[in-house]
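**Student:** Chains as they are written, first to last, in this note's numbering: chain W, 1 to 536; chain H, 1 to 142.
A few of these clues could be false.
[Stated by the list, open to error] If you want the ones that stay clear, here's a sample from chain W, every Cβ over 12 Å from chain H, calculated: (1) Ala29; (2) Tyr231; (3) Leu279; (4) Val429.
[Claimed, not checked] Restricting the straight-line Cα-Cα distance to at most 25 Å, the calculated cross-link-like pairs of lysine to any residue (SDA-like) are: (5) Lys136/H to Leu279/W; (6) Lys136/H to Tyr203/W; (7) Lys136/H to Glu456/W; (8) Lys136/H to Trp93/W; (9) Lys140/H to Trp93/W; (10) Lys97/W to Pro11/H; (11) Lys157/W to Arg59/H; (12) Lys97/W to Arg59/H.
Rather than coming from a laboratory, the hints here were simulated on the basis of the structure.
All figures in this text were calculated on a predicted structure; none of them were measured in a lab.
For glycine and all other residues, C-beta sits at the position ideal for the given N, C-alpha and C.
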Amino acid sequence: MIPQAMPIQLVIPEIVLAGAGCLCLLLGAMKSQAARRSIPYIALLALVVDILLTVFVFKNQTGAGAGLVFGSVTAFARTSALVLGVLLVLANWSQAKPDEEGEYVAMMLFSLAGLLLVAPAENLVLLFSAIELVSIPTYVLVVLSRRNLKALEAGTKYFYLGALSAAILAYGMSFLYGVGGSIDLSTGAESIRAALHGERGPYALSLALLGIGLTLGGLFFKIAAAPLHFYIADVYEGAANGVAGLLGFVPKFAGLLAIFKILSLTGVWYGTTDATFVLIWIAAALSMTLGNILAFRQDNLKRMLAYSGVAHSGYMLVAVLAGPMTGDSGSVSNGLAAVLYYAVIYGIANLACFVILGVLKFRGLPCESLREVGGLLRREPALALLLAVAMLTLMGVPPLPGFWGKLGLFGSALAVAQSGGERSTWLVVLVVVALLNTAIAAAYYLRVVAALLLYEQDETAEADPLLEAQSLGAYICGVLLLIFAVFPSVLMNSSLAATNSVMNAATPQIAQRPAASVVVASQGELNPAKPQLSQR
Amino acid sequence: MQVPVTGDFTPIALLILGVIALAGVIALATHLIGPQRSGDTKMATYESGMEPIGDARRRFNVRFYLVAVLFIVFDVELIFLYPWATVAGSYHEAKAANAAWANELAATGHTPLYLLGVIMVFFVLLLVGFIYEWQKGIFKWD
């Protein structure tokens, strides 16, 4: 069976990004100063062109081929990744060493192109390659971002552990291929689900469990969920602030999209409490609790944000467990829409925190500890307020978008619990754990906000006047957060609309429970694609 | 296309058993019927090679890693090109002879232009890497 050829016209945004990346790489290797100075502008231009293409030309375009399936979720992921991409380029405007600008920007563009390919990837090989295209440039970025031993150490750690997680991921996927009999996710889903329900004997069951467990383990590393979160604080601390902001969005978003794809192979959303359910449940509870406790103990703000990222992965796993086919169309969304929304909001707020910390200098050095930002309101009122808004968004204070995101995440889980079944108790317990954790998290976020706004001290950090682009990026992040605070429905409705097709296609079948024919091909395209498959 | 998990692995089991048996027989035969001579030359690490000097773990020039990277790049290129060339090269003939695989390729949109385009993308990416390396001066050895 030969798959359909790649629909070239559908992947133009990805081609533009990768092409711009190649161009930046070549310009960076040239001797001319002018060529090198144009590199970030080229990256910005490519991203803006891509956003225009996605919003105006590719908005409602669907199609499939060569293992890529484009749908409404793909369009949402594309748009949000590209908009965040503009902010990331601004946040990483200047580099530690001028003759490495080409590599630096190119790696960022390649990583984003990988993220754009994770969303439509519908077979195991493509999914793995796309995830590695996201990850490998980030290892390089961590090393390139700063001129010191800490960055080198962070990059080396990240690279070796990342390579290990890639091996685990590939190993798990090989079992899934063995059990499913196809690298195509929608073709293999039925046999994998049958194997997981024990309908194909203990041998197939153990192989399927091994496959799902290892694959999810590899992806947990990408989103830094416990117990695979151990690298995160050292990597965030060693990397420059712009890169740390990138690590909070690009690999995390890619990993969450991939987790949804892998879970669509299992019956976890159809009301069973099988091993997959237990695995995700434990990872979610552990990530939230460990992340918050560790973040609470940090004095260094970058390490604190890193561990709070672990906690946020845990919150998002709650909605992952709820799945894409529940909830009404009101503010309590389905799990997939909630995760898409929250990942974007978290990405913006996290990036804002890191960029502002990068712009601030204390005695000429980058500002990292809580003490150094104390009393910032008197010195840099705009940046201090922005940082406070970003911290409060991460905390989830009501008018800010973080609150609506958390409402969606936990609401979707409660909506599933309401429909009854053996797992509803466990979901309610998980939401209670999440709410307790939100309260713990408030303690350390408020500590920073209080230091920023209430303290007074003689010597405090100040903004570096040379970092104009970074400041601009921080202000845009702040404006976006305020827009989503005043009009929370803008982004939320688009994430809901994007996932509607997935939800509607799957919901009627929930009542009947896991008739083995219920195949959730992905969040992108549902079973309607199946008749076509048998025709091929 | 479903591949059953419990397939017929008898040939593989036979192969494994055969390999183990053959290895055992060879080891035993060498021990039993091989000539048993000894001497300075016979006891050397490499009987007909160079005399080993010093520790194997010594420093070597870090630039060798670039040679290794380049080697892998062009090695992979060749491995990748070979199956492509086999398919693309016999595509027209096979299609004229109405071979099933060629017809299926054509039906799924793999036109000759598409096949050429795909490999050209690969070449352009490789070329970008090559120009980058060249500009960075890694082909100069001094």
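**Student:** Out of the numbered hints, which ones does the structure contradict?
**Tutor:** Per hint list: 1, 5, 6, 7, 9, 10, 12 violated.
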